[in-house]
Amino acid sequence: MTDSQKIAHLYRRAGFGLNIRETPDGALNDAINKILASNTQFDELYLEDEERVTAAELLAMNPEQRKEIIQDLAANIKKLNLQWIKIMGKAEGQLREKMSLFWHGHFAVRVRGFAQVESYANTIRQHALGNFRELLMAVSKEPAMLKFLNNVQNKKNSPNENFAREVMELFTLGRGNYTEHDIKEAARAFTGWGINQEDEFELKTFQHDSGSKTIFGKTGNFEGEDVIAMILERKETAVFITRKIYRFLVNETVDESRVRELAESFHANYDIPQLLRQIVSADWFYAPENIASIIKSPVELIVGLNRTFGIAYENPQPLLAVQRVLGQTLFFPPNVAGWAGGRNWIDNSTLITRLNLPKRLTDASQLDVDVKNDMDDITPNEVERKKSGNTFQCSFNWELFGEKFKEISDDKLWEALCIQLLANTMLLQMPDKLKVQAENSNRAEKIRLMAIYIVRTPDYQLS
Amino acid sequence: MTGFSGKRLVIVQLSGGNDGLNTLIPFRNDEYYRLRPKLGIAADKVLRIGDEAGFNPALEGFRKLFDEGAMGIYNAVGYPNPDRSHFRSMDIWHTASNSDEYLNTGWIGRLLDANCPGSENAWYAMEVDDTLSLSLKGNYQSGFAVKDPQRLKTMMNDKFFDEISANQPVTEQSSELSFLYKTLARTTASADYIYEKSKIYNSARIYPQHELGNSLKQIAGLIGSGMESRIYYTSISGFDTHARQAEIQQRLFTVVGDSLYAFTQDLKERNEFNNTVILVFSEFGRRVKQNASNGTDHGTANNVYLIGGDLKKKGILNTMANLTSLDDGDLIHQLDFRNIYAGLLDNVIAYDHVKVLGRKFESTLI
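Going down the list, the sequences are from chains F and X.
Whatever position you read off the first sequence (first residue = 1), add 1370 for the numbering used here.
Whatever position you read off the second sequence (first residue = 1), add 30 for the numbering used here.
Hints are supplied without guarantee of correctness; some may be wrong.
Calculated cross-link-like contacts (lysine-lysine; reagent style DSSO-like; alpha-carbon spacing at most 27 Å) [what the hints assert, rightly or not]:
hint, chain 1, residue 1, chain 2, residue 2
1, X, 212, F, 1803
2, F, 1729, X, 177
3, X, 212, F, 1805
4, F, 1742, X, 212
5, X, 68, F, 1729
6, F, 1803, X, 183
7, F, 1460, F, 1729
The set of hints was computed from the structure by calculation and includes no laboratory data.
Make the full structure from the sequences, and use the hints.
Written out as structure tokens, the structure reads:
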């Protein structure tokens, strides 16, 4: 593989692919350093014009007012979704956004309060490339998390184990690496972890069980923070997280010995960028079996297209329907286990929607399919079927896209486009019909026809 | 009569959490009227099916089926530690998981994965909808989603799909790529096949003008054409009646009852009713006590309806829901829904339910 191909691969995995101006030139090492460095600043998600209402204020309202606010809440989370999609497309710090997507799926949370979602999303993005210790602690104290996993109902005299259980099962140790007793006792340590009137974390001392507990065989008056520290001490946590990151960045099929090796050093300090550097610097990261080996998630597909073609949306709303139909909507994970990923993204309906998507975007038409009714809509009875009646209104920056190929002669155009757009290192055959069409088109038309064809292939679905 | 031999399963999902207590009314139970002073349906209005229960007046279709001996009803069907969130509870019904488990595969998807006979056909399990429900998603195989065979065929007729298939890279670099091309090939082949079948026979019967009416008419047409699908899946939404429940149920029940009745008539005509079992379910029932908006809020256990021409068990199959012994205002389930799934797998699909559901359940006789 050439350095150029490796760099393209790196950008695809450690981000959402090269954008419309970027070319995979230069040395691989420089690209690795750049990707790992350009991540200090980031734009927080924030809905400027929206009124924030705390849970306490909401309760104090009359039903009519409350209904209105709740409807706004749902609409606002959708706005946050689109805001983040836009940021993913444009951000310099691609690695932060990609890893935030990973962490969002890992610490999967789904709540109605948009301010809570906002806070949760920004906490994830802030710590996405930091220390897993801090990330875990911060997310665990997010109001959205405490609400979603019922920890606000976890009280001294009536414990609720949901949060303790999911922290161990899904966020850290993984199934089989703790006992029911550990969960029970840990739940006691988390009692009182709640939310105050201003929608912030607060330890409610009168609900908190500060008594002696025995967790992982140790006894003490453990607090929630202590439990988290104990969980992190255990190597299984490092292995679990490393394995998940491996599956996300490298290949669904895991090389256990590599994971164990990576987990060793991750366990020492839980430094996320260090782990990521080790992965993207390894020779095996660029080995043939790990190229074009991951089926893009719906968000990767959308953002990848946006970046590649510099797509500008007059109306980004239809992107919500696309996410829904393809099975991944930011801030609406199916459950606390997040998205399964891999082949789970694909069935006869989603595959066709993916292959047709570029055509729908350029034709300014609609999705082929109707979206199933989302039961989380506040008034699901009012619209029995969500018609994806939103027509795509967007434009591809063909002029800028064409710039990348200005040195390429017409007869080398197909090859250059394939190399640019596909993860596959093998050349696709240009179909005869397309050859004929291209022959009878001007340069700009040629590029357009070929590019759209290429991003409509199954090959484009792979990262 | 048709090319199909064996039994088939048709599943109708009522999405939103249908209020079972106003679907099949326990008109002798004082608690019902005490807790639903406005929402309760008067004893003289219900469509009686015996001494204890009567259907909502808009469910004439169900009453007819019941009287014809074509229906079995289970009361208070649910699962331990019920979840009152739509998407969570629906996932539980789709994946047949425990309430604290998170599975990525649907129970029908796992049937396909287990390679039950016939499952090599992409249309073995068909969902009449544009997108596929989790119920039909497996790890390796999935059901086939098609709302309208004609429309799907037109969509797949795009020469583009022929071109990319023809130009598929010969040396497969990755198994993922090969999986994608195979899925595409199956989709094209299935779209053609289903379309050709759908042209053979179409029902002339009048169904309610509604998506559910259209879907069931579609399915009746496919069955009448000899389509070999073993499982059909469809859904109707709108049952989340936090407010204005009476009107909403009245409207929806007319659709559900009349559509299903017309469907069974079509099946009878084609001699396909005795080998068909229809399952009607919802992801949860609703609270016994009505709320302040003339509606009800999310609850737990609910009725499940089985409809067929040759049911081994008909009528009301277990005791009416207990309205005094409640769990914080909600019904306590009497029957785990997985037992019904097990019954359907063992008796209708004739495939060992343990392989699909992961463990042994008390398979109900269907």
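Hints versus structure:
no. : hint             : in the structure
1   : X/212 to F/1803  : holds (23 Å)
2   : F/1729 to X/177  : holds (21 Å)
3   : X/212 to F/1805  : holds (25 Å)
4   : F/1742 to X/212  : holds (26 Å)
5   : X/68 to F/1729   : violated (53 Å)
6   : F/1803 to X/183  : holds (21 Å)
7   : F/1460 to F/1729 : holds (22 Å)
This entry does not satisfy hint 5, going by the numbered hints stated previously; all others are met.
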